[in-house]
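Protein chains in written order, with my numbering: chain X, 270 to 551; chain A, 838 to 1160.
Quick caveat, the hints were computed from the structure, so don't treat them as lab data.
Heads up, some of the hints might be wrong.
[Claimed, not checked] Below, a sample of chain X positions facing chain A; criterion: calculated Cβ distance under 7 Å:
(1) I275
(2) N281
(3) L322
(4) P326
(5) Y365
(6) K368
(7) I391
(8) G493
(9) Y506
Even for Gly, the Cβ is constructed at its ideal location relative to N, Cα and C.
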Amino acid sequence: MSRLLIWRKLVNGVMLSLTGVCTVLTVAALFAILGLLIYNGGKSLSWSFFTQLPAPPGELGGGLANAIVGSVQIVGAAALIGIPIGFFAGVYLSEYEDKMFASVVRYVADLLNGVPSIVVGILAWALVVKPMGGFSGLAGSAALSVMLIPIVTRQTEQFLREVPLSLREAALALGANKWKMIATVVVPAGSKGVLTGMILGVARISGESAPLLFTALSNQFWGGLTEPTASLPVMIYKLATSPYDDWNRQAWAGGLVLIGLVLIANVSARLVLARGVSVPRG
Amino acid sequence: MSCSMGTTAAVSATAVKGQSQAGDTIARLITVIFAASLLVVAALLVFQLFSRSADARHQFGLGFLSSSAWNPVTDEFGAWPFIYGTIVTSVVGLLISIPLGVGAAMFLSELAPAGVSNALTFVVELLAAIPSVIYGLLAIFTLVPLMRSYVEPFLKATLGFLPLFSGPAFGVGYLTAGVVLAIMTVPFIISVSRESLLAVPREQREAALALGATRWETTWQIVVPYAKLGILGSIFLGLARALGETMAVTMVIGNDPKAHVSLLASGYSIAAVIANEFAEAGGRLHPSALVELGLVLFGLTIVINGLARLMIVATTSKGSKRS
């Protein structure tokens, strides 16, 4: 073998192994993150974590019950606002496309998707906190729903588009009107994918803390949609940056609970509901 | 008799037809209204960012962007330390995540069997689903001590003659924030780059291999250049995400409103200062200045995201047409 060939084979081997190393490093990062959370969070997780209010500084014990309930309230209200808007907008983009308007909506949806979450928080502050004269869970929901709408819109559009044309033609040929075709054929056929998109969207917003910092704020006690409300992500932030060891431990436990919820939603949405259309493509 | 039946049928048919057309019109109208609401939200966002920052914009003008003064007590506000911190942390993050992400994407698209590649990509995409406050939590308690006791002393010992690695090392600062951003942006770079690499037609690889190129030469000289726009798009996507990232950066950047040359020093980013000060900002100018920072951040991410999408659309459609 010539010198050059040996050199080229050497470069080939080294560089290809390096790409493997890059992959291993990235995948290892996920397992390191999960391992650290399970190790540190598991130590601090207890029954009272789910049932009690946060303890005052310096006192041991307590839990994040109010933050868990608060997160459910805020995210629940955000889903109630965001999912219908996003769903119908997605149906429009997939079924009623008029070239100009639809492409503007599609572009704006992508643009909204890329807006930093903290900036979305400013919008909710200006539209809800300012006029209502105070921080509230509802303001937090408004911020999260603004993040949810473009996600659901684009996912709904994408999965409805995958419904085969032949199904639509069959429905129309049987005499269905367009809206009947959409409601009884297209949406049911694409429902798995659409549902997956909704679950992924809700999972994504339930981990957000930046837009809640100055909308829902936080609360040491039970909140509600009309008053400042604690949420799990914001609480983790407050506890992790506090100087108290016991609070830091609670932050780890909160982190474990939050990532458990988010990952279960993600894995089940992607694996169990699987991808795409519930009927074979024709 | 038969004649009258015929008319009834005709009449009812017209009625049904009229009804159904009304139904279609209503259904269409409903979806149009919801679709238009996205435009309303976007318009409100832009309008509120402009109107709520009016006080600061009139007070400081364009000097806001270059001034380094940040003092809520004396009502002096300048954005430079935050813009600087945002850009420096993002660049550090990308310098780490680009080689890592593009390397992994090459492995996943060119070397790994399809099953393994899909499984690993699934795992990598889970990284993108982890909430940023969790990255911050891990960074505070594991990465910061690691940087303080091992990485930063090592950098000072070897590269300490450079101003970039001078000064005391506390563990928090631009470099640590950059490392966190690297981990957070890598899944985006991998998943989009992999897709554009997979969109490169098979014939391109076969031709190169048939001419005697090694696997690496094929990948690096043929496949990667073919997909370069998509890879660049993935990098811009990662950059947009890094610029707007709030919680993880806030927790490890050190929160010092000054621009420092040393990467080991504490700094501040646009998103971090909004997160820390907005809830308690009083008076007229302080909230207004923070909203103006939000406007700057909004502008930056919109431009970068727009470029990223253009590039990704260009490559994927090019690839699918030729394959």
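Against the structure, the hints:
1. I275: violated (11 Å)
2. N281: With Cβ-Cβ at 4 Å, under 7 Å, it holds.
3. L322: violated (20 Å)
4. P326: violated (18 Å)
5. Y365: Check passed: Cβ of Y365/X comes within 6 Å of chain A, closer than 7 Å.
6. K368: Since the shortest Cβ distance to chain A is 14 Å, the answer is violated.
7. I391: holds (5 Å)
8. G493: violated (19 Å)
9. Y506: Y506/X check passes; min Cβ-Cβ to chain A is 5 Å, inside 7 Å.
Hints 1, 3, 4, 6, 8 from the list above are not met by this structure, while the remaining hints are.
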